[in-house]
Every structure is written in C-alpha cells, then in structure tokens.
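A.B. asks: The lines below spell out each chain.
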Amino acid sequence: DAGVIQSPRHEVTEMGQEVTLRCKPISGHNSLFWYRQTMMRGLELLIYFNNNVPIDDSGMPEDRFSAKMPNASFSTLKIQPSEPRDSAVYFCASTGTGEGYGYTFGSGTRLTVV
Amino acid sequence: AQRVTQPEKLLSVFKGAPVELKCNYSYSGSPELFWYVQYSRQRLQLLLRHISRESIKGFTADLNKGETSFHLKKPFAQEEDSAMYYCALSGLSGGYQKVTFGTGTKLQVIP
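Here the protein sequences come in this chain order: A and B.
Per our numbering, the very first residue in the first sequence carries number 1; after that it's consecutive.
Per our numbering, the very first residue in the second sequence carries number 115; after that it's consecutive.
Next up, chain A with everything else stripped away, as it sits in the complex (with noise of 0.2 Å):
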C-alpha cells in the first residue's frame, strides 16, 4: 500500500484565492482526518470522517473551510477565499475502527497563501 497520499506537496497562492488540498486515505480505512499544523497552535484536527459521513467539523476554524469526502477513497479540503493566516502544512490521516493501530499520516501540504 502507498500509503496515504496528499496532492499538492507544496501550494503557493494569493490572499483571495481558492485553495484545495486532496487527500486519499489507506484502502480500507474508514475514518479519515484532516489536521492543520503551525508553529503556534501545533497540530488541530480541524475535521474527521467516518464511513465518508462527515462526524465532527468543530475544528473548522471558519466558514472559508470546508471538506468533502464523496467516496472512501478520497477527500477535499478546501479554502475560500484563501488569507494569509491559512499558511500551515495540512495532513490528512486515516485509520480503521478499532485497529489500535493510531493513524497512518500522509506526507502533508505545506500551504503558503501571500
């Protein structure tokens, strides 16, 4: 298995813009989590999935995020508009109910919004 796989590695983009970030989980796992990652807050689940249904999004910091998962093996996290303080890495991570095996994290997306 590869792993799970984010698109783009890297994303730089202008204040205003729209952002999305993709995500593809292990084949398999049914759970799904996005993270956003910065120096000062470290590492806040903004939402995570559970059989492709959306469970708990209290950690969507504003109306601009928004995420989607249409199938099990795929997620969108998007940002519109797009504003400088959304610069973090975001990881998605997946794991299957009741593994106790933790999560397995993609490589992340390094977001620079200018």
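In short, the hints are calculated from the structure, not lab data.
Everything numeric in this text was worked out from a predicted model, so none of it was measured.
Some clues are possibly wrong.
[Said to hold, decoys possible] Chain B is nowhere near these chain A residues, computed Cβ spacing over 12 Å in every case:
#: 1; residue: Pro8
#: 2; residue: Val12
#: 3; residue: Gln17
#: 4; residue: Glu18
#: 5; residue: Met60
#: 6; residue: Pro61
#: 7; residue: Arg64
#: 8; residue: Ala72
#: 9; residue: Ser73
#: 10; residue: Gln80
#: 11; residue: Pro81
#: 12; residue: Arg85
#: 13; residue: Val113
[Said to hold, decoys possible] List time: in silico PhoX-like cross-link candidates among lysine-lysine, alpha-carbon distance up to 25 Å:
#: 14; chain 1: A; residue 1: Lys78; chain 2: B; residue 2: Lys212
#: 15; chain 1: B; residue 1: Lys212; chain 2: A; residue 2: Lys68
#: 16; chain 1: B; residue 1: Lys212; chain 2: B; residue 2: Lys136
#: 17; chain 1: A; residue 1: Lys24; chain 2: B; residue 2: Lys212
#: 18; chain 1: B; residue 1: Lys171; chain 2: B; residue 2: Lys187
#: 19; chain 1: B; residue 1: Lys187; chain 2: B; residue 2: Lys129
#: 20; chain 1: B; residue 1: Lys123; chain 2: B; residue 2: Lys212
#: 21; chain 1: B; residue 1: Lys220; chain 2: B; residue 2: Lys171
#: 22; chain 1: B; residue 1: Lys136; chain 2: B; residue 2: Lys171
From the three backbone atoms N, C-alpha and C, an ideal C-beta is built for every residue, glycine too.
With chain A's structure known, arrange chain B on it following the hints.
C.D. replies: Chain B alone, transformed into the frame defined by chain A:
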C-alpha cells in the same frame, strides 16, 4: 471528554543523557495510547503504542493508569532523536473512535 497534556514544549538534553518526555491524559474509559514522532519537515510517524509494549529506537513508554501517564523514555539520547514528539490517545467519542493529540514536545539533543 478526552485530553492529552504534554507540559514541555521544548526539552534539551546532551547526547548520551537520559530522556523523559512527559505525557498525561484524561479519559473516562480504557485508553489506547501512542507516541508519534515528526522529524524535521516530515510526516508524523507512529513511534510506539502501549498495547504492544515494544521498544522502538531505544524508546519505551509505560502506561501508568494510577497516574494517568504515558511518559516516553530513552536511557541514552542520540543526535538523531532530535524531533517533535506527540503523545496521542485513542478513545470513543460520540460512538466513534477518535484520536486526540497533545501539543507536542520538541526534543533537542545537543552534541
């Protein structure tokens, strides 16, 4: 509610010195605990989990339910151990398995 506390943001030790990264948790049920490591500009990787009672790269962690702690230890620090370390707890929340991370501790091993 489940909570993980890592009281130290930065821990600096000399090479060869013992290391202890502290982690305390709060959870009403029976938790599953993990340590993750993140080397510079890389993804988080699972280091070890309490259920397997393993030692990885010389690190060990023992779950102490009485003290609700899961401290990470290594007897002799190496320079390559310098990284961010996150303690995490997996538990049921609203009927779903959810993992909560601590804020992380940066370990700096001084040559």
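A.B. asks: Confirm or reject each hint.
C.D. replies: Against the structure, the hints come out as follows:
1. Against the 12 Å criterion, Pro8 of chain A stays outside the reach of chain B, whose nearest CB is about 15 Å from its own CB.
2. No beta-carbon of chain B is positioned within 12 Å of the beta-carbon of Val12 of chain A; the least distance is around 16 Å.
3. Distance check on Gln17 of chain A: its Cβ is at least 24 Å (rounded) from any Cβ of chain B, clearing the 12 Å threshold; non-interface status holds.
4. No Cβ of chain B comes within 12 Å of the Cβ of Glu18 of chain A; the nearest lies about 25 Å off, and the non-interface call holds.
5. No Cβ of chain B comes within 12 Å of the Cβ of Met60 of chain A; the nearest lies about 15 Å off, and the non-interface call holds.
6. For Pro61 of chain A, the shortest C-beta to C-beta distance to chain B comes to about 17 Å, beyond the 12 Å cut-off, and the non-interface label holds.
7. Against the 12 Å criterion, Arg64 of chain A stays outside the reach of chain B, whose nearest CB is about 24 Å from its own CB.
8. Distance check on Ala72 of chain A: its Cβ is at least 16 Å (rounded) from any Cβ of chain B, clearing the 12 Å threshold; non-interface status holds.
9. The beta carbon of Ser73 of chain A sits about 19 Å from the closest Cβ of chain B, which is more than 12 Å, so the claim that it is off the interface holds.
10. At roughly 26 Å, the least C-beta separation between Gln80 of chain A and chain B is larger than 12 Å, which holds for a residue marked as non-interface.
11. Every CB of chain B is more than 12 Å from the CB of Pro81 of chain A (nearest about 27 Å), matching its label as outside the interface.
12. Taking the minimum C-beta to C-beta distance to chain B, about 19 Å, the non-interface status of Arg85 of chain A holds against the 12 Å cut.
13. Every Cβ of chain B is farther than 12 Å from the Cβ of Val113 of chain A; the closest lies at roughly 19 Å, confirming the non-interface assignment.
14. Taken as a hint, the Lys78 of chain A and Lys212 of chain B pair is honoured in the structure, with Cα atoms around 22 Å apart against an allowance of 25 Å.
15. Straight-line distance between C-alpha atoms of Lys212 of chain B and Lys68 of chain A comes to about 18 Å, which keeps the hinted pair within the 25 Å bound.
16. Simply put, Lys212 of chain B and Lys136 of chain B have alpha-carbon atoms about 21 Å apart, close enough for the 25 Å limit, and the pair holds.
17. Between the alpha carbons of Lys24 of chain A and Lys212 of chain B the distance comes to roughly 19 Å, so the proposed pair stays at or under 25 Å and holds.
18. Distance hint between Lys171 of chain B and Lys187 of chain B is fulfilled; the C-alpha atoms sit about 11 Å from each other, no more than 25 Å.
19. The straight-line distance between the Cα atoms of Lys187 of chain B and Lys129 of chain B is roughly 14 Å, inside the 25 Å bound, and the hint therefore holds.
20. For the hint pairing Lys123 of chain B with Lys212 of chain B, the CA-to-CA distance comes to about 24 Å; that is within 25 Å, so the pair holds.
21. Pair hint Lys220 of chain B plus Lys171 of chain B holds up; C-alpha atoms about 17 Å apart against a cutoff of 25 Å.
22. For the hint pairing Lys136 of chain B with Lys171 of chain B, the CA-to-CA distance comes to about 18 Å; that is within 25 Å, so the pair holds.
Hint check: no violations occur; every hint is consistent with the structure.
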